[in-house]
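Colleague: To convert, note that position 407 of the sequence shown is 407 in the working numbering; the numbers rise steadily by one, no gaps.
It is possible that part of the hints are untrue.
What the hints assert, rightly or not - Below 30 Å or equal to it, Euclidean Cα-Cα: the simulated DSS-like pairs (lysine-lysine) are:
{"no.": "1", "residue 1": "353", "residue 2": "423"}
{"no.": "2", "residue 1": "459", "residue 2": "365"}
{"no.": "3", "residue 1": "378", "residue 2": "268"}
{"no.": "4", "residue 1": "365", "residue 2": "68"}
{"no.": "5", "residue 1": "365", "residue 2": "6"}
{"no.": "6", "residue 1": "378", "residue 2": "290"}
{"no.": "7", "residue 1": "290", "residue 2": "268"}
{"no.": "8", "residue 1": "133", "residue 2": "267"}
Stated by the list, open to error - Okay, the calculated beta carbon distance ranges per label pair:
{"no.": "9", "residue 1": "26", "residue 2": "408", "range": "51 to 61 Å"}
{"no.": "10", "residue 1": "30", "residue 2": "185", "range": "45 to 55 Å"}
{"no.": "11", "residue 1": "268", "residue 2": "472", "range": "55 to 65 Å"}
{"no.": "12", "residue 1": "268", "residue 2": "41", "range": "46 to 56 Å"}
{"no.": "13", "residue 1": "437", "residue 2": "264", "range": "23 to 33 Å"}
{"no.": "14", "residue 1": "473", "residue 2": "267", "range": "33 to 43 Å"}
{"no.": "15", "residue 1": "336", "residue 2": "465", "range": "39 to 49 Å"}
FYI, nobody ran anything at the bench for these hints, they're computed from the structure.
We treat Cβ as the ideally placed atom computed from N, Cα and C, and that holds for glycine.
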Amino acid sequence: MSESKKRVFRTMIAVLIAMMLYVVLLCVDKIFGLDHKEWLSVSNMYTPFFGSIAAIYVINKYAKDSIKSAKRRSIGSIIGGIYGMILSLIIEYIFLDLINIDVSNIDGLIIWKIVQFVVVGVSIVPLIALLNKFKLSDALFITGLTYFSVTISIRNGGMPVVQFAINRILSTIIGVGIALLVNHFYLFRHKNKNITFICSFENENIQDDYSFDNEEIYLTNRLCECDANLIFATSMNFGELGKIFSEVDLDRPIILMNGAIVYDNKKKEIIYVNNIEKETANEVKMALRKYVSNIFTHTVINNNMLCYYQSIINEGEQDYFRVCYEQDEFRFVYGDSPLDLDICCLSIIVNKKVVENILSDEKIKNNKNILVVIEKCKNKKYIAIHIYNKDVSKINALKAMNLNSENQLIVIGSKSNDLELIKSADYSMCFDNSNKSVKEEADLIIKSTTLSCGLKYIKKIYHSRNIKKTINKLKN
């Protein structure tokens, strides 16, 4: 069942419960001998119409979004209900007597409704001001809905204003509670918290604009809400992953730039950096200058990544600059980097024709203090060459995170630099477009290149009561 269909199903269940609750309350009235038309009857405290509306409004894809909706709905209903009740009491029991209008005839009723609507309309101004003062402007719709239902609706067939206001507030809160219960039901599923999942992905596994698609966003947020130990690892950096950080609520650190950096998205801080030795970095830059006019020099300063550049010439460089330019944690600096700068990565983007010449340069080929990683760009005419410190790896970054060593380790890999992770895993998988060496080492090849498929496998294993049986099913 697709996630949109699941949401429709949850909405249906929540609405059915919200409506059937009224039947239950009528039965309670019958058991205790209460007249359901009387003020003190249990059923008169709840209206299924308002409860169902609240339930529909609160149901969301994610539990955290449901909680936000629930807060808005509840606060708005309480404020609008109380404000509307006070205003209605003033209008009906004080103002009506003062102006002495006979509402039993049509002329008097027309005059009265004009006066009532003017007062109710003008009185919404202080209500809006109150919401703005307490920074509750996002609850305006719900507040206004409750306010107008109390002041100008027929009130369930003429129910007294105080009784109706209480009924309206309680109905909303009960509907909200039902929606939260239904939307959080999946949280009660079995969880294998003794497993650490490492999901290594590259730009080929996500969308062309370096973002997750809707399904990947949904699956990631669901796993995080269920407290899965999910850690992403990639060769990409802050700039390339900026959209992803804003779309998903990662509560575990993410390994970036092949393990040169570990970033805690929850705390919004870099918790680990592996820099190239300064002398080595300067030697490599001099060697690269023979082949390129621009070197992207990456460094971390004050919890932000800076990238020095000299000129943007080819289309591959332009694509990289455009993708990274507007991200909060990533800043471009024009000019050459200072000689004493701590550098975590040197990157060049070149045409395929010159790659071999660069890699065969003695200053690079014979340098034992660096790690050279070659990656395909989205623009297939170009190749990205990244140079890191010699001991940069995803497995070393993982060790620096001080995770629970007793946890099982399940890894999804994609490139040859994931081999160490795969070999250290209790169980390993890889994408269908992975390198040959990775496919030979992995226990299972996922018949897909998309990250969403890998996340589905993780979700099934995480909620499985019999992990071995689930893995065997995935193999078949």
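Colleague: Indicate, hint by hint, whether the structure satisfies it.
Modeller: Against the structure, the hints:
1. This hinted pair does not check out: residue 353 and residue 423 have alpha carbons roughly 34 Å apart, beyond 30 Å.
2. Distance hint between residue 459 and residue 365 is unfulfilled; the C-alpha atoms sit about 42 Å from each other, more than 30 Å.
3. At roughly 28 Å between alpha-carbon atoms, residue 378 and residue 268 fall within 30 Å of each other, so this suggested pair holds.
4. Simply put, residue 365 and residue 68 have alpha-carbon atoms about 55 Å apart, too far for the 30 Å limit, and the pair is violated.
5. For the proposed pair residue 365 and residue 6, the alpha carbon gap of about 54 Å is over 30 Å, so the pair is violated.
6. Simply put, residue 378 and residue 290 have alpha-carbon atoms about 25 Å apart, close enough for the 30 Å limit, and the pair holds.
7. Restraint check: the Cα-Cα separation between residue 290 and residue 268 comes to about 38 Å, which exceeds 30 Å; the hinted pair is violated.
8. For the given pair, residue 133 sits about 29 Å from residue 267 by alpha-carbon distance, which is consistent with the 30 Å threshold.
9. Checked against the given bound of 51 to 61 Å, the beta carbons of residue 26 and residue 408, roughly 52 Å apart, stay inside it.
10. Taken as a hint, the range 45 to 55 Å is violated for the pair residue 30 and residue 185, whose Cβ atoms sit roughly 30 Å apart.
11. Distance hint for residue 268 and residue 472: a CB-CB separation of about 41 Å, inconsistent with the stated range 55 to 65 Å.
12. For the pair residue 268 and residue 41, the beta carbons lie near 53 Å from each other, so the given range of 46 to 56 Å is met.
13. For the pair residue 437 and residue 264, the supplied restraint of 23 to 33 Å holds, since their beta-carbon distance comes to about 31 Å.
14. In this structure the hint that residue 473 and residue 267 lie 33 to 43 Å apart at CB holds, the actual value being about 37 Å.
15. Checked against the hint of 39 to 49 Å, the pair residue 336 and residue 465 fails, with Cβ atoms roughly 58 Å apart.
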